[in-house]
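Novice: One letter stands for each residue in the lines below.
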Amino acid sequence: MAVFELPDWAALAPALILVATALALFVIDSINPHTKNRSLLAGTTAVGALAALGVAVWFMVAGVGTPTAAGGRGVVELFGGQLVVDQMALFFMTVVSVVTALVAVASYDYMGDHAYQAEYYSLMMLAATGMATMAAANSLVTIFIALELASLPSYALVSILKDNRGSVEGGLKYFLIGALSSAIFVYGISLVYGATGHLQLEAIADNLQGAGEYGGLLGLGILMLIGGFAFKTASVPFHFWAPDAYEGTPAPVAAFLSSASKAAGFVIAFRVFTTAFPLEPTTAVIGVDWTLAFIILAIVTMTLGNFAAATQDNVKRMLAYSSIGHAGYALIGLAGLSADGGEIVMGAAMMHLLVYGFMNTGAFLFVALAEYWGVGRTFEDYNGLSNQAPVACFALGIFMFSLAGIPPLGGFWSKYFLFTGAIEAATANSAMLIVAAALVVNSAISLYYYARLVKAVWIEDPVSGRDTLSQPTGLYAAIIFAAVLTVVALPVFGPIADAALEAATVAIS
Amino acid sequence: MEGLFDYAPAIALFPLAAFVIALAFGPKLPKKGAIPGIVATAGSLALSLAMVAAVVGGEEGYYHTTLFTWAAGDAAGEVGEGIEFTFGILIDPLAALMLVIVSLIAFLVHVFSLEYMNAEGETGLPRYYAGLGLFTFSMLAFVYADNLLMAFMFFELVGLCSFLLIGFWFRTRSAPSAAKKAFLVTRFGDYFFLIGVVAIAATFGTLQFAGDDSFVAAAEAAIDDGGQLFGFDAETWVTITGLLVLGGVIGKSAQFPLHTWLPDAMEGPTTVSALIHAATMVAAGVYLIARMFGYYALSPTALAIIAFVGGFTALFAATMGVVKDDIKQVLAYSTISQYGYMMLGLGVGGYVAGVFHLMNHAFFKALLFLGAGAVIILMHHEQDMWKMGGLKNKAPVTYYTFLAGALALAGIIPFSGFWSKDEILYDALIVGTEEPLIMAAYAMGLLAVFFTGFYTFRMVFLTFHGKPRSDVAEDPHPVGWAVKFPLIALGVLAVIAGVANLAPVAKLTGLEIEFLNEWLSGGAEGANYAAYTDALAAVYDTGFIGTESTTVLIAAGLSLLLAFSGAGLAWKLYNVPEPVAHKERLGSVRETIESNYYQDEYQVWLAEGLTLPLARAADRFDQTVIDGTVNGVSSVSLFGSDRIKRIQTGIVTNYAALIVTGFIALVIVLGVLGGWFL
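These protein sequence lines map, in sequence, to chains E and H.
Okay, so the first sequence: first residue is 478 according to the numbering used here, each after it adds one.
Okay, so the second sequence: first residue is 292 according to the numbering used here, each after it adds one.
Chain H on its own, in the form it takes in the complex (with noise of 0.2 Å):
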């Protein structure tokens, strides 16, 4: 099996192929470049899917090698002798996971944009799977990456592909305004990133992931050793440049506060925010703590700082979500909440938690974004659930895979969401036990829980239950296999996902059935569930409320708890004939969050109140001190020579007294120096 490894390149090259093929011959394919990307990314996922049975059927686990050097220096770094910095692939079980995922949904995604986008007669369709051809490609090969600077290109690749596409529509004004937001806000993260990846290239000369040259086991290495790194005590400069690192998570996963540029993002084509929310972009930033897990787990600082953020924004999107008209805008802050979860759960040690999350995240948001694509469809064109409602029966596939996608993202059991969101918070909730701040972290979490339930199911009933509320939704456009396949496939995934890792129920009854804590314990060492798990032991304490299994009971009891109340309570206000706003019950709140906190004012504010002047201050600098001793200096220069022409008077005598005065000026100079005059 491990031969199959050989090909591990392809799974990132073919969609870089469909890329090079929609750009270059596009505009003469049938469907304008759609086969081509359908067919890489079935590639993909079948390769995938290989690399899945070659790491269960290796004997090492994982698949470490590195494609090419292409620069390598002695310059020593803080710890370590010599740098090197390479391009690399690592195959562990986490990468293979996300590898599965990426593909899988990138290939949906590429058959539901046969409808969504060519039946519509979209103009610049090769531009568009081009685009997704490229954005593929680039989050693939940031998957695989061995080494934090090819991820940290992949990842600047990934950000740029987000801003090619969320400006699809780039004849309107919304659409390039929120690419470039996009691209701007995750540009600010990514600039802390980047300095993280030079603090920790020159602290530990090496930048790969797993292995015994790694810079976490560096890290480790110079931690146990109790020395200096840069000044600092080495855990505080793990801390720091771990932080710097989560700068560009933050900017990426849209959490607090660089969430902003998410809902904006809804500008591009709704199959773009499925690939971007579920696969590619947003998950790239989880998924990077995910892959450097070990160097975080030896910071609890940076852990509790993750936790807390995620915590605080999985609430504080979840309240934005409640006001939201647009249909996509409330799956929007339905990620930025999600994405929040996953957070949580890396941050409390809960690394299976918040892989499982992501995967299940994946299955089921890929499915709301693509039925709301669908619902998009049936509407021609309509996104506010106002006009909806009705569309139960006129789109049953759409409505029941929906419905699956809904359960899942408010975490009903036993939808998939129901198992991840349990294990975060009842990772959380025992380290919470005995750490204050996780415990409000927790407090947040399970509260946005409520929020969940009743946002998703307020989006559910207003959309496809109760009367039509408009014309569209009285006659619907039909939809084809295109769009009914994706939500089916996905539809069941969000159903059974949960399977992977049944956790309570192992804990109550001792079955052995937590396969993807199996599967993840897998792989490098050092960089496996396994080692977290001790290096972890270190970092948190842990506690029960009264046993283990009660523990588990009152988490799962409480969140369900509160998830079926958020439902109760939309389920009680919406699923009415004619339902009604409420928002106006919440009186001054209502304005607050429907103003999303005044965030995007405070930071334009930022922008404009506080750049904008320094950058001013910068200019005038640059105009006036700068350019004016050059100035200076040219006309000082200019001046100078026009002095220094005139001793040439033209006249030999005056020649020959100025050679003898030069003359003697130098011997006078020298002979001083030399004594000769003595």
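With the rest of the complex left out, here is chain E (with noise of 0.2 Å):
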């Protein structure tokens, strides 16, 4: 028994840190606008995603958000169901905010002497406000609106860099993009509320009979869900926005959406897809086993990331395509549900994601602090970086194994555990064994890229004429925090792992 039992909105707390961060922000920018005190702005984003983030680990040991018959203090449903806190929304809120509060830190000595740093640390937090409460979010109504203050906050992080063009490119493009899926995401929603005549999930899915006749109507609309969700994680078809915003933005805000966006991404569409659309009722109402959707947009997904990825020059470029790669091994937690289960290959792409969150934070923050030294974008710019910074240069090749998913890192095992789950779920559905060949197909291809660049930042003579290197001790400790973290993800990835099944199964039952 706690000693004191907190109000029901408290469970909220991890999302209502970040939002009261950002606010603090404002208010430090409006007493002093033009303040560069980088120690003040930076230390206050990075002190409330930490206590985000603690408080989501808090509450997700103390048993918020597990059913009662399990033995916690029961799902917590806000405002008429409006939003829920349950294991799988505290699970991403974790991981959510270690991205942001690793990207902060990250960030202190990359956005230096950048003009406008109140603003761009209080749209980070309004952006992570954001992929909070999608997490959070339980009806269509919330989860579009959480999106969009994820997206917004997005699109001018992009652009931050008001003289590049690369960046106020890339930003124009992320935005259009953007609309373009979000108008689909809308209709999708109108299409979904038209056929059942409700928005809030529980409620849709004890309507679906009603929909009937408009079976194809609601298919549709759930097809155009799909298409915000592919959009929100960097999916084909709707990737396109992701390699030109990343190589244009500051690295720090590539690491911050490649990661904790995606995640948030794949959150709403978890969501959504095992509470608002049980696969049997569904499939009698729409004819067609939604999972097919998610197996040809993971096929496709990951081949096209990672057969793109292989022969960039660019290494952010490079990394982009490979999130969209990895995006495609998260859609596979989809892909893989049926009838009688799934949770287990669901429960594997919430663990993917959370080790993805440090290996490929800690991949872009190594582009962000190659960017700080100014070496250059191209791999032949980062030979024998080694030489002068064999500590970041140790957790690159950390990063760059885990992700390709070499054993013992993180990745590996996440990876694993998708391949194990996906070939379980082939007996339900045996399209599924498909996308486990994929799966390796791609992860063998994903290596000869990620050793590329091992390759050219250990093996190959370094870059005559390269000045002596900085060491900049906020892109460091960010760095090395998430390379520790991908390998301490060995030891502790039994709870990590009992933590996302947890979720998993309390999202499907």
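If you're looking for bench data, these hints aren't it; they were derived computationally from the structure.
Treat the numbers as computed from the prediction; the structure is a model and nothing was measured.
Incorrect hints may appear among the rest.
[Unchecked claim] Per the computed footprint, the stretches of chain E lying under chain H, defined by three or more beta-carbons under 8 Å from a beta-carbon of chain H, are:
| no. | stretch |
| --- | --- |
| 1 | 509 to 522 |
| 2 | 651 to 664 |
| 3 | 718 to 724 |
| 4 | 874 to 886 |
[Unchecked claim] One side only, chain H facing chain E, incomplete, derived with CB under 8 Å:
| no. | residue |
| --- | --- |
| 5 | Ala734 |
| 6 | Asp918 |
| 7 | Asn922 |
| 8 | Ser926 |
| 9 | Leu929 |
| 10 | Ala947 |
| 11 | Leu949 |
| 12 | Phe954 |
| 13 | Gly965 |
| 14 | Trp967 |
[As the list claims (entries may be wrong)] As a list, the in silico EDC-like pairs of lysine to aspartate or glutamate whose alpha-carbon atoms are at most 20 Å apart:
| no. | chain 1 | residue 1 | chain 2 | residue 2 |
| --- | --- | --- | --- | --- |
| 15 | H | Lys936 | E | Asp790 |
| 16 | H | Lys936 | E | Asp590 |
| 17 | E | Lys513 | E | Asp590 |
| 18 | H | Lys685 | H | Glu413 |
| 19 | H | Lys319 | H | Glu413 |
| 20 | H | Lys874 | H | Asp616 |
Cβ coordinates follow ideal geometry from the N, Cα and C atoms, glycine included.
These two chains come separately, so use the hints to put the complex back together.
Specialist: Structure, rendered in structure tokens:
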């Protein structure tokens, strides 16, 4: 028994802390409009994100969101089920706040001489708030609002370098594709509403029967919802914004978007499809199994992402495509669902998103470090960096091999669980065998380009005439922390796996 | 007494400690590692004797314990459930006897090395003593292994050690090559052994030698059930697995056709040869058959093959020994031949006879090799017998002990070799009267007695008798106590060891003096001579020529007659002041024999003419098909990557168009499947 009972709304504390931090940053900015006190701004951001992280982990450990039957404090439903705080929500809030904290710390150096310090951090916190809210959103309306709350600051963040052509171009493309996707998404919402008469997810599930003759309409609506999720998770065919946006934007922002934003996109997809469209009744109404869409998307996404990444010259662009590839891996979590289960494969996808949060953020932060040094953007420019910065390059090796899925790093385990989960799901749906095969083939290809980067920094001869490289504290700290988390994911994988599996089980049931 | 068994692991661990000490501190020790080796093997010998006492004094008459289980699983075998891989110790009368033999020979070899190696100022002595220690350790652990897998591991370790020691003089050209040959040829046999181990484990789920849960008991039960194992009749399957294990035996015990490594192995120090031939490497093969004799006793086919291979090898190797000029070469072929006898004995069901000969041979062959070592010291490292002669008076101790060994080897009554060889031939004869194949094996074994007598005494006469035929033979290097003591000890054993089992005397007089017979009848239930006798009754019929007594007399008389004729012929030809070679009289046969029947040639041809092209073809397949596929995949991937990259044009209207196209495609696919457009 706890000493005191918090009110229900307190379950949203991680999101509330994030928004409070954003407001605090506005306050600082309005008191001193052009402050360049980086320590104060980055520090506030990091503290806020870490506080959110701490609360989210504490809630998870304390059993908030765990069904009472399983010995927890019960799933918290707020505002008539518009928001819900369960294990999955807390899990993704954790992912989002970890990535936010890492990016905030790394930005301390990266954004050092930037004009809009306070705006940068507050936009980031607002986006993080949106993502945390996405994790808890339980109605198509709140989902849409949370999604836009995450997206709009992101557009601004991508083009934060106002004088940089690439940054502005990337931001504009991101915005335009985002607008198109949001239009499709919101149209999908209206179709679902039209067919079922409800927006709250459980209510939709209860009223699927009512859709009756509007099955095709509902199916179209569902597909349009998938379009919205695909945009947010940078999945094919809604991925086009990602390479351009990531390449143009500051690397910490790219890290933030490719890790946290992607994870948030997945949580709403997981929630909508497990809660609102249970497989059997939905199939009865729309006449086709919606996992088929995810199977197609998963295969196409991972294949396109990895193949396009293979021959990139630009490191950041390679990472952008690799993040598309990883979206494909995570999509297996939805593709592998079946009427009689799928919590293993979905739990594996959640694990993968968490580990991916560390390793991918770390990789982008290494790129941030390279940009900070100004060594250049291509593989050749990275040649022999290990001579001058062995620690950071060692961390890069960890990120790359973990991304490729080499044991014993964290990325191996999550991919391994995805693979076994896919194989297991193949008993219900033999198409999953193709997905599992695609996973293996694509992982093999990914090793090629990840190893290429490791080879460049460790084996190739250094570029001659390179200046001595400084060691920015914040970036180093963030990179090393991410590397440690990627490695430590191995011994602590048991609890992570348990948490993810539990969350997935609750979500599916 | 049974408390003594608790110290059993130390028997093997002592030499292991000596190995570590010699390796770590050898260069700093006064005798470069000899002292720890001697102490350790003496300790092993004392403990082994204690084990014998414990076996005698114990109630069960054997000791079996599992020290360590390093893998256990539920995977069911063809019969039985679960499988377990363990390290354990089994000390029954057979193992105890062998422990004594091995540790005794190892001890004497260590002592002998003091003079043979240390006094000669060899370099690399720590390596030598480390090798001896590890060798002894491996063999002792092999001897008391309680299961086939553990036996296999130490069997391999024995092979490794002999590789290291044969190649001790690695700076010469021939020694490394001989070491490599020994390693590869025995490895070829061990390959089958390994498959056999796996097959037995997969079939019965156990690898234990003795006890109720042994694979022997399981195989017997399976045969009694009359079921099928892996699609074969149970007995056929036992034969197959038994023959696979036999592959390792044939390699290690240098039986035809895998005997070719042994003569080359003479490149190692003579002390090492003594150890290899008498107690370790070569003995390991035959010991393994004795160890799992219960398993072979279930398969008449396997037994007959063992007997026939043994008989053939005995004769085959003996003929080659006749024409050798190098004293060690003669001994090498005699080893092959003598192990052939042991195989013959075991194959015809003469379990006691085979083990008896193993023991006697260990003594007299170690004696002969150490004697040859002494001769080599005398002769300043000259090994050609035609350059010796007349050593008889200059080195009496060496001569008389060598002579005792030679008489034992030739099978002259009453030396030890006679009794065991006679028993083997007797056992073969009584089975042979009913089984023609065994009769043929017996005939070959019998004929080999003649050649054995001949080459043995040819060697004795050429080495010790006549006039000195070189300067060094005129004035030999003296030998010290470290040489004489082992020679005398073994010489005594070579003379009297036959007392252990005077089977013919017992059969003729009815006295109960078959001690070894008694001894081997004790031990673990189902894994002793008494049990084997029952099993063999179903395998072989035996018959006598006339009565038992006449058969005994005929067998003994025939073999003695042939031994004396061989020795006599050698006496006639070579016991002259200035002997000459008589090989020319053999005519065209001579060349064949001197070339060792072209065994090496055809094996080299097999390697170069068959294996090498096959390997080349496999390599080509790997280079072209496999690598080609891999490279093709990679270029296709990179090409695909290049194309896919181009989808990203950088123009946002193209993106919008592609997104909408992709989305519509998805809608069409799912819509058609879901029937939305109807």
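Novice: Give a verdict on every hint.
Specialist: Right, here's what the structure says about each hint:
Only residues whose beta carbon comes within less than 8 Å of a beta carbon in chain H count, and the stretch 509 to 522 of chain E has 0; fewer than three means the coverage is violated. Residue count for the stretch 651 to 664 of chain E with a Cβ under 8 Å from a Cβ of chain H: 5. That meets the three needed, and the coverage hint holds. Requiring three or more residues with a Cβ within less than 8 Å of a Cβ of chain H, the coverage given for the stretch 718 to 724 of chain E holds, as 3 such residues are present. Beta-carbon proximity to chain H at under 8 Å applies to 0 residues in the stretch 874 to 886 of chain E; the threshold of 3 is not reached and the given coverage is violated.
With a cut of 8 Å, the hint placing H:Ala734 at the interface with chain E is violated, because the nearest CB-to-CB distance is about 64 Å. Taken as an interface hint, H:Asp918 does not check out: its beta carbon lies about 16 Å from the nearest beta carbon of chain E, beyond 8 Å. Below 8 Å, beta-carbon pairs count as interface contacts, and H:Asn922 has none with chain E, the closest being about 13 Å; its hint is therefore violated. Annotation: H:Ser926 was flagged as interfacial toward chain E, and the flag is violated, the nearest CB pair being 11 Å apart, outside 8 Å.
At a threshold of 8 Å, the smallest CB-CB gap from H:Leu929 to chain E is about 6 Å, leaving the interface hint in force. A cut of 8 Å between beta carbons decides the hint on H:Ala947: the least distance to chain E is about 6 Å, and the hint holds. A hinted interface residue such as H:Leu949 counts as satisfied when its beta carbon comes closer than 8 Å to some beta carbon of chain E; here the least separation is about 6 Å, so the hint holds. Because the beta carbon of H:Phe954 sits about 6 Å from the nearest beta carbon in chain E, less than 8 Å, this interface hint is met.
At about 3 Å, the closest approach between the beta carbon of H:Gly965 and any beta carbon in chain E falls short of 8 Å, and the interface hint on this residue holds. Because the beta carbon of H:Trp967 sits about 3 Å from the nearest beta carbon in chain E, less than 8 Å, this interface hint is met. The hinted pair formed by H:Lys936 and E:Asp790 meets the criterion: a straight-line CA distance of about 11 Å does not exceed 20 Å. Taking the CA atoms of H:Lys936 and E:Asp590, the gap is about 34 Å. The hint is violated against a cut of 20 Å.
With a C-alpha separation of about 8 Å, the suggested pairing of E:Lys513 with E:Asp590 holds against the 20 Å cut-off. Between H:Lys685 and H:Glu413 the alpha-carbon distance is near 25 Å, which puts this suggested pair outside the 20 Å criterion. Proximity of H:Lys319 to H:Glu413 is assessed by CA-CA distance (about 15 Å); at most 20 Å being required, the pair is judged to hold. Distance hint between H:Lys874 and H:Asp616 is fulfilled; the C-alpha atoms sit about 11 Å from each other, no more than 20 Å.
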